[in-house]
Amino acid sequence: MKNLDFDWKPLALVPLLALAVLPFIGSGSTWLTLTVAGLAMGMIIFIIASGLTLVFGLMDVLNFGHGVFIALGAFVATSVLGGMADWTGSQELWRNFVAVLPAMVVAMLVAGAVGLAFERFLVRPVYGQHLKQILITVGGAIIGEELIKVVWGPEQIPLPLPEAMRGSLFIGDAAISKYRLIAVAVGLLVFGVLAWTLGRTKIGLLIRAGVQDREMVESLGYRIKRLFVGVFVVGSALAGLGGVMWGLFQQNVVPQMGAQVNVLIFIVIIIGGLGSTGGALIGALLVGLTANYTGFLVPKAALFSNIALMVAVLLWRPQGFFPVTNR
Amino acid sequence: MLTRLLSNDFPRSRVLAVLLLAVLLGLAFAPFVFPGVKALNVAAKVLVFVVLVASFDLLLGYTGIVSFAHTMFFGIGAYGVAIASTSMGPTWSALGVGLLVSLAVSFLLALTIGLFSLRVRAIFFAMITLAVATAFLTLASQLSDFTGGDDGLTFKVPALLSPAFEFAEEPFLGVSLDGRLLCYYLLFVVALVLVLALLRIVNSPFGRVLQAIRENEFRAEAIGYRVVVYRTTSSILSALFATLAGAMLALWLRYNGPDTSLSFEIMLDVLLIVVIGGMGTIYGAAIGSALFLVAQSYLQDLLKFGSEAAAGLPWMAALLSPDRWLLWLGVLYVLSVYYFPTGVVGRLRAAANPKAASH
Numbered sequence: 000m001k002n003l004d005f006d007w008k009p010l011a012l013v014p015l016l017a018l019a020v021l022p023f024i025g026s027g028s029t030w031l032t033l034t035v036a037g038l039a040m041g042m043i044i045f046i047i048a049s050g051l052t053l054v055f056g057l058m059d060v061l062n063f064g065h066g067v068f069i070a071l072g073a074f075v076a077t078s079v080l081g082g083m084a085d086w087t088g089s090q091e092l093w094r095n096f097v098a099v100l101p102a103m104v105v106a107m108l109v110a111g112a113v114g115l116a117f118e119r120f121l122v123r124p125v126y127g128q129h130l131k132q133i134l135i136t137v138g139g140a141i142i143g144e145e146l147i148k149v150v151w152g153p154e155q156i157p158l159p160l161p162e163a164m165r166g167s168l169f170i171g172d173a174a175i176s177k178y179r180l181i182a183v184a185v186g187l188l189v190f191g192v193l194a195w196t197l198g199r200t201k202i203g204l205l206i207r208a209g210v211q212d213r214e215m216v217e218s219l220g221y222r223i224k225r226l227f228v229g230v231f232v233v234g235s236a237l238a239g240l241g242g243v244m245w246g247l248f249q250q251n252v253v254p255q256m257g258a259q260v261n262v263l264i265f266i267v268i269i270i271g272g273l274g275s276t277g278g279a280l281i282g283a284l285l286v287g288l289t290a291n292y293t294g295f296l297v298p299k300a301a302l303f304s305n306i307a308l309m310v311a312v313l314l315w316r317p318q319g320f321f322p323v324t325n326r
Numbered sequence: 000m001l002t003r004l005l006s007n008d009f010p011r012s013r014v015l016a017v018l019l020l021a022v023l024l025g026l027a028f029a030p031f032v033f034p035g036v037k038a039l040n041v042a043a044k045v046l047v048f049v050v051l052v053a054s055f056d057l058l059l060g061y062t063g064i065v066s067f068a069h070t071m072f073f074g075i076g077a078y079g080v081a082i083a084s085t086s087m088g089p090t091w092s093a094l095g096v097g098l099l100v101s102l103a104v105s106f107l108l109a110l111t112i113g114l115f116s117l118r119v120r121a122i123f124f125a126m127i128t129l130a131v132a133t134a135f136l137t138l139a140s141q142l143s144d145f146t147g148g149d150d151g152l153t154f155k156v157p158a159l160l161s162p163a164f165e166f167a168e169e170p171f172l173g174v175s176l177d178g179r180l181l182c183y184y185l186l187f188v189v190a191l192v193l194v195l196a197l198l199r200i201v202n203s204p205f206g207r208v209l210q211a212i213r214e215n216e217f218r219a220e221a222i223g224y225r226v227v228v229y230r231t232t233s234s235i236l237s238a239l240f241a242t243l244a245g246a247m248l249a250l251w252l253r254y255n256g257p258d259t260s261l262s263f264e265i266m267l268d269v270l271l272i273v274v275i276g277g278m279g280t281i282y283g284a285a286i287g288s289a290l291f292l293v294a295q296s297y298l299q300d301l302l303k304f305g306s307e308a309a310a311g312l313p314w315m316a317a318l319l320s321p322d323r324w325l326l327w328l329g330v331l332y333v334l335s336v337y338y339f340p341t342g343v344v345g346r347l348r349a350a351a352n353p354k355a356a357s358h
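Chains as they are written, first to last, in numbering that gives the first Met the number 0: chain A, 0 to 326; chain B, 0 to 358.
The following block holds chain B by itself, in its conformation from the complex (with noise of 0.2 Å):
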């Protein structure tokens, strides 16, 4: 049974899977555990972020792919949700249309530039999705008809996912029981079961090309694979995940704008955790996603300290002021590619497992 569910691709060192289990149960009772509505925020965050992360790492990690255009399909799914829910009511078949238009264009855009890269060099095709994911950014915030421009959409969910629909008088364990409860587990439930889904991708023969593809091209292509259609595979599985990941958003914050899915700092978020979290492993995603969130959360109430200490030196106050906490993370994650390119992940498991750590 678990052998199936996770596709026979299992944590392989002790540590790892307790902290799997912790991030699963921590997430799972998120809404009794932590209590109050930035923690039950930072959970939810965490759930969306699995899931971007995870559909990147399939790019990146497992075909050795680099894309700059990820955020683009993510803020494609945030805002098919958010169109389609302004323009036809909160009702559940706006959250359904906006979800198949929104995988659908997904789809024939990452198709696109999947073909059109393959005759370019390897090399282009990160330049390219930048230049690209610009585009569509820019494009966002002036179709304001469309998308709300720069102020965004705000937008109302179906009642049963509204925090004013309570199905209980009672709170329980101190939680109302409202539609926002619910919209939480919901987030849960899709998270895990696209988490799995993707376990169940990476591990299939499948999977094991992208791999053999990313380790080498040359060869992956002498055996007879044909690497150029594995690739546009990998990268629209990739793209339509990330969309998911997206509708999961915009269905939790009932918002969406530029700032909010479709930034190029999201992206450099994302580059950060498939980093520390381990590349080529879809736990590192889970791993790297909740301790990333959960420090960039708090990190800027850990800097507010350190500058308020370091006042009397005013470098070291600029240097350590709330703001520039990019700068510590930008630090963190080149330090980690040196120093930690296999991740937390992967770290763990070639402790647990010496021999086979050189694969």
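Just chain A, same shape as in the assembly (with noise of 0.2 Å):
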């Protein structure tokens, strides 16, 4: 059984981090509005990350044009959003829901084939080279963020949240904002369908066999290659997804987002362990909650409080949280 040895270290940590800056903020409804909002950003970094975590892990391509799906997602939200103005602005929320929805799902698909597009041209001729697929991924970046430019101009454009969408709860004194309780669904859906994927089902019993031993499972008869680009593109929808999810929590998206959050998700599975999902998460939630407490206690900080996270992880365990693989 594999939930035997379950390593829960790392998931401990959240909860000690959490306890750990209390008795430093001292007002216990201020911690608690910065522990779910730190969970809750935590999750969409999630969401933004997990597909990065499949392409880098399990397929051991270093994509680093995966920022470029997460753009590209966001600004088919924006039309797809614009297009549907009755339905965002209507007061009712599942009417909200129903303009959100088809966004997604467009990004989604929209992001999907453009994934299936860019393993067959930029990344299929350099598996196995890192170097050149470093380099590659990294032309495909700008050629991408130049494309996005071309058809949605180079400005930023506004990506209001639906009206039923904002604003917050109470808990006592402690605001929650309704956009991130519907994060922490959306990052749960998909954290649950992912894990339980490649843990319960054969498809992803053949991805993680054919990550192990790629040969062997070959050898079985099962198609390995095509098993893997359906990775690349579930990763590349994926990343569209938490596009849509990135933007309306900015509330704006430009043609360099991608580019911006390459480094947040390069953290995330850094510290989680390339391929692991259960990592991601861990990963993405330590990221939200420095982010919302330095962010709170030391502004000035915030920005160097997730390499100082990273770093701190590495030193202790320089593969990450669950290594997947020894490569």
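By construction, these hints were calculated from the structure, which means they are not laboratory data. Any given hint could turn out to be false.
[Said to hold, decoys possible] One-sided and incomplete, this derived list gives chain A residues near chain B with beta-carbon spacing under 10 Å:
#1 E217
#2 A258
#3 Q259
[To be verified] In silico lysine to aspartate or glutamate, EDC-like type, Cα no more than 20 Å apart, as pairs:
#4 A/K131 <-> A/D59
#5 A/K131 <-> B/E214
#6 A/K131 <-> B/E220
[Unchecked claim] Derived coverage of chain A by chain B (criterion: at least 3 residues anywhere in the stretch with Cβ under 8 Å from a Cβ of chain B; other residues may be distant):
#7 35-46
#8 69-77
#9 262-274
Here a beta-carbon is modelled for each residue, glycine too, at the ideal position from N, C-alpha and C.
Can you join these two chains into the complex? Each is in its own frame, and there are hints to help.
Right, here's the structure in full:
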């Protein structure tokens, strides 16, 4: 049983961190607000990072162009939501969901389709060559960002939250914004589906086996290559979904957003251990919490909190929390 | 004499030798041959980039390390000169202090990144350097009291190097003999010396070990070389040369800001130039920089022409807009990684010596 030797230490870091900063913040309700906000932000970061941990960790493709799919998803969402102003402007929550849902689906479809082309034309010739992968995907990122500028223009575009998703709920004195709750739900859904697919289905079994010993699985008659293309497409589609969530969180999108979030998601998947969905989730939650706590306690240091966190984690576990492979 | 100067690493291709000589002579006589302010600025930028790209090639081409923090060291050099000149006035001692301090900072940073990244997997290095460089860029824009924030710092250089200083009344061959010209030739000499020094480094026994590590890290370690030490030394050396290139840039522009020396676009340019010129050849940096910067400076004019010609087709016009020049460079870059992996220098050498090509 896999669960018997589950490594609980990284998981324990999340509540430990939250409890450790409590005395510094003082007020309990402020702490609750910050903690919930941090966890929710972590969930959004997890959604944007989840695709990359598949591509990086399972396929061993150093994709520096992943941010393009995030930006693409966000821009597609601006177009879809822009065309559904009646539904986003409604005060009824269910109508808002009806607007956001197709935006997410279309963003995932477009990002997945572009991911398929990206894999075919850029990544496929350079499997196994890490240096070239970095160079090629950086080139792909430049082209993608410029093409987004051609289609949507180089300017920042607003992506307002639908009416009923704005504002906050109150638990005592602690304010919790509604959108963050939605983000937590979507993040948990993504995590659940990924963990279930990878851990409990035959496709997940084949992917994990293919990562361990590709030739063995191929000799059993399974087409690992096709399976891995599928992993790349799913990774890109998840990036598109993450782009929608991130764009709605920021409430505006810029063509450069892909390059901006690259750093954040790299930190998350390094901390988590490449390829581990659970590691990425814990890494993202820690990043979200530290960002919110330092933003409150020492705003000037907020930017470096991520890097300090990464350094600390890597000094403890150089391979990240849950290393999937020994590459 | 020439053997010693070039560290016994000759161009090994007649065409390449001619090209290199053309670049060298072109840069040496640029103020007299290519009139106009824009041309001289392009020539000075080529001088800076030759050093910057050659220093990056030491890391990427010779040691096989992908770093995205190279512009950070470039920026440190530029900020060192800018900050010292702003706070101490336009003196030579300010330049000296700025240079020394920035070299020391670069040394310590490169050492820290190098030693730290040794503990993690090799492929993490690229990502970690990207994160560090981004943090540094934001830091530079935030510390506005010190760095001038997003506006940057405009400063004066010693009188001898400023345009106001004229050492001859009469212009010579239509070029006024002023401090600007002296500054250009100072950069020229510094760039030449630094590139020859880099050539010396990569052709030393040390450089050979770096190449061995690039080819097969495991074997190099097995032979008895401490890969860790060599990698760290290589990244420190490369950082120091990049710092000097940054100081050259600041001296020429008499200005420095985050976009001028730290932006990620410069990092992309450097990557592009290394690939186009040829990885693992210091000469590639010279050829690549000259080609790239001239193209970059005049490509936008060409695209403007193209987009006006395609005005009838809105999509085509949008693709050919001068603002989209980076798109075309990106396409060029991807194509050159695929079909031109050894770059200009590698191709020319292979053409000149077909047997030795598959070394």
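Does the CB of A/E217 sit less than 10 Å away from some CB of chain B?
Violated: closest Cβ of chain B sits about 24 Å from A/E217, beyond 10 Å.
Whether chain B covers the stretch 262-274 of chain A (at least 3 residues having a Cβ closer than 8 Å to its Cβ atoms):
holds (count 4)
Restraint check for A/K131 with B/E214, where alpha carbons must lie at most 20 Å apart
14 Å, holds
A/A258 was flagged as interface toward chain B. Is the shortest Cβ-Cβ separation under 10 Å?
7 Å, holds
Measure nothing beyond the straight line between the CA atoms of A/K131 and A/D59; if it is 20 Å or shorter, mark the hint as holding.
Holds. A/K131 to A/D59 sits at ~13 Å (cutoff 20 Å).
Given as covered by chain B, does the stretch 35-46 of chain A meet the bar of three residues or more with CB within less than 8 Å?
violated (count 0)
State whether the coverage of the stretch 69-77 of chain A by chain B holds or is violated, taking the criterion as 3 or more residues with Cβ-Cβ distances under 8 Å.
violated (count 0)
Hint status (Cβ of A/Q259 to nearest Cβ of chain B, threshold 10 Å):
8 Å, holds
Given the hint that A/K131 pairs with B/E220, does the C-alpha gap stay at or below 20 Å?
Given pair A/K131, B/E220 is violated - Cα atoms ~24 Å apart, limit 20 Å.
Consistency with the previously given hints fails for numbers 1, 6, 7 and 8, ordered from lowest to highest.
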